[in-house]
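Taken in sequence, the protein lines are chains D and R.
For the first sequence, this note's numbering gives the first residue as 1, with consecutive numbering after it.
For the second sequence, this note's numbering gives the first residue as 1, with consecutive numbering after it.
No lab work stands behind these hints, which were simulated from the structure alone.
Since this is a predicted model, take the numbers as computed values, not measurements.
Backbone N, C-alpha and C fix where the C-beta goes; we use that ideal spot for every residue, glycine too.
Careful: at least some of the hints might be erroneous.
Unchecked claim - Derived lysine-lysine pairs resembling DSS-like cross-links, with alpha carbons at most 25 Å apart:
#, chain 1, residue 1, chain 2, residue 2
1, R, K255, D, K132
2, D, K230, D, K243
3, D, K49, D, K198
4, D, K174, D, K199
5, R, K7, D, K129
6, D, K243, D, K49
7, D, K149, R, K110
8, D, K129, D, K174
9, D, K243, D, K198
10, D, K174, D, K190
11, D, K174, D, K49
12, D, K174, R, K255
13, D, K149, R, K14
14, D, K125, D, K190
15, D, K149, R, K7
16, R, K255, D, K149
17, R, K7, D, K125
18, R, K110, D, K125
19, D, K125, D, K174
20, D, K198, D, K132
21, R, K255, D, K230
22, R, K110, D, K132
23, D, K125, R, K14
24, D, K49, D, K199
Stated by the list, open to error - What follows is a set of in silico ranges between Cβ atoms, one per label pair, in the way DEER data are often shown:
#, chain 1, residue 1, chain 2, residue 2, range
25, D, I114, R, L21, 56 to 62 Å
26, R, I123, D, T130, 43 to 49 Å
27, R, V234, D, I114, 40 to 46 Å
28, D, E321, R, I240, 53 to 59 Å
29, R, M241, D, S238, 52 to 58 Å
30, R, E172, D, Q36, 22 to 28 Å
31, R, L146, D, K149, 51 to 57 Å
32, D, A202, R, I240, 49 to 55 Å
33, D, A202, R, K20, 44 to 50 Å
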Amino acid sequence: MITLSNINKTFRVAKRQAGFGRAVKALFSREYELVQALNDVSFTISDGKMVGYIGPNGAGKSTTIKIMCGILTPDSGMCEINGRVPWRDRIAHVREIGVVFGQRSQLWWDVPIIDSFELIRDIYKIDRKTYKNNLDELTELLDLGELLKTPARSLSLGQRMRCEFAASLLHNPKILFLDEPTIGLDAVSKITVRQFIKKLNAERGTTVILTTHDMQDIEALTERILLIGKGRILLDGSLDELKKRSSKRKTLVVEYTGSEPEIPDNMTPVEKKNGRLVITLDPEVLPVSDAITYLAARTELTDVSVSGISAEEMVAELYREYHI
Amino acid sequence: MVQLYIKFFAMHLKSQMQYKLSFFLTALGQFFASFTVLLGVYFMFSRFREVEGYTFEHVLLCFAAVLMAYSIAEMFGRGFDQFPLMLGNGEFDRALVRPRSVIFQVLAAKMDFTRLGRLFQAILVFCYAIPNSGVIWTWDKVLTLLLMVVCGSLIFFALFIVYAGFTFFTVEGLEFMNIFTDGGREFGRYPFSIYGKRILTFLTFVVPLALFQYYPLQYLLDREKSILYMFTPVIGLLFIMPCYAFFRIGLRRYKSTGS
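With the sequences and hints as input, model every part of the structure.
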């Protein structure tokens, strides 16, 4: 159980100014600017849930994660994770969490992966039996086999990421924090990672908190989304709810042979080009089936596809709506 | 804790042995860099037979003790020396999410075995200076020399901790700390008294480098008989406490500012 209530965090950032004269001046007196990184952030996450934490760069995602990991202390507010305050009880707290930073490695560069794993075993004081069970299970799930004997420097990013996941899970954490876990991965690796996270959540009941810019991660993994912008929680709800909330317009793509049909007022053309037509419409005004019937009567349709708004577009719309 | 440290030690050794040629060349470079310093001392003494009553061999004892103390401190305390890097690339955040003491993790994060080049040189110089210095090596003299080296490395180590502690406050102008670390090594080749009374006082009470160099040397060369001179290096260890406290204060600040 994770509870954050009224967390505030302000950073003091040195103002940097252009020009030599000012740079010299800055040597002696610095001007500081206060940046409110988190503004009254509150939320609760129950055990075994998967939550996507999204927001543009600099919105406060990392700061929140760092507070939950016990790396940072907030200015005010309370955070309790499994009955502990992370920054007060750091060592007991971190035993129960796993952290994967997509852009930073925790594996030793020049030695085989298995050596890194064994060092982690000793750092966390994992007993031999648990370690062996976990290692076997993770090796199978993530298909590590041969990789274990290879040093991290000779692995591809995708392979390394799989090892990073295993490294963060050897001590059976109850909560897993993922900071952009799929960044820079190819399509196959992304899918492997997503499937793994899903399985982990389903089988071990691990709580997963995920920050990402990849909306497919969100669509594939999380039931619940927290949207943060300028240090405030703006939205907290399921992906479906959010989709319903945002624009209901549908996009209709048709391909046809024959003459170009005339477009009535209740359809908005987006693209018209030899044999292909993209239009958007509001299904409450004009049902999709009616639109297709209308077009079919006027030309020879060869292909029709209908789509709602994508998660990507939805988030872009949200960012615009909240000016973040 | 000790066991885990040994595991880290083995990992570092394994990693660095991946690049054997680079390892040996760097170690060789370390050797020659301090060799030129040794030559400097040699030429000095080929002109002036004595400096403040110290002979060439006396100075070599001092030189080797400081060099050895420093290279041991550097070999094991590299993590603190490279701490700004750890802080910059997020490695330190990783240490904070692991269930071990922060100081221990910084200590274990880096070890640099190329410093063996310097250590080797210190051993060679000892091999020459110990039999030729005219010191009669009774057990108390042996202990004095041992204390100079062991406490010396711990005091240098404390300076590295202060250096790392400063990183929490600023990333600029950290080089001034080198006056005490690298400077201590370079100027420590002569007994600190030759730099004047003020410097000696400073190095006794503020940054206690003289406590493991000048004072025990007096006992070693029979210039002072009091047993107090033999144990000054141990008194110097008190210096570690404020250094550690300083690092803790810095860490608390880091946790509240994140920068």
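K129 (chain D) paired with K174 (chain D) [C-alpha distance capped at 25 Å]: holds (19 Å)
25 Å Cα cutoff - pair K174 (chain D), K255 (chain R): holds (24 Å)
Holds or violated: K49 (chain D) to K198 (chain D), with C-alpha atoms at most 25 Å apart: holds (11 Å)
43 to 49 Å as the expected CB spacing between T130 (chain D) and I123 (chain R), which holds or is violated: holds (45 Å)
Proposed proximity, K49 (chain D) with K174 (chain D) (alpha carbon, max 25 Å): holds (11 Å)
Pairwise hint evaluation, K49 (chain D) against K243 (chain D), where the allowed Cα distance is 25 Å at most: Holds, at about 20 Å.
Hinted pair K174 (chain D) and K190 (chain D), Cα distance within 25 Å: holds (23 Å)
K149 (chain D) paired with K14 (chain R) [C-alpha distance capped at 25 Å]: Holds: K149 (chain D) and K14 (chain R) sit about 14 Å apart, inside 25 Å.
25 Å Cα cutoff - pair K125 (chain D), K190 (chain D): Cα-Cα ~31 Å, so violated.
Satisfaction of the hinted span 56 to 62 Å by the C-beta atoms belonging to I114 (chain D) and L21 (chain R): violated (26 Å)
25 Å Cα cutoff - pair K198 (chain D), K132 (chain D): holds (22 Å)
Distance restraint evaluation - M241 (chain R), S238 (chain D), Cβ atoms, bounds 52 to 58 Å: Cβ of M241 (chain R) to Cβ of S238 (chain D): about 55 Å, so the range 52 to 58 Å holds.
In summary, the structure is inconsistent with hints 1, 14, 16, 22, 25, 31 from the numbered list given earlier, while agreeing with the others.
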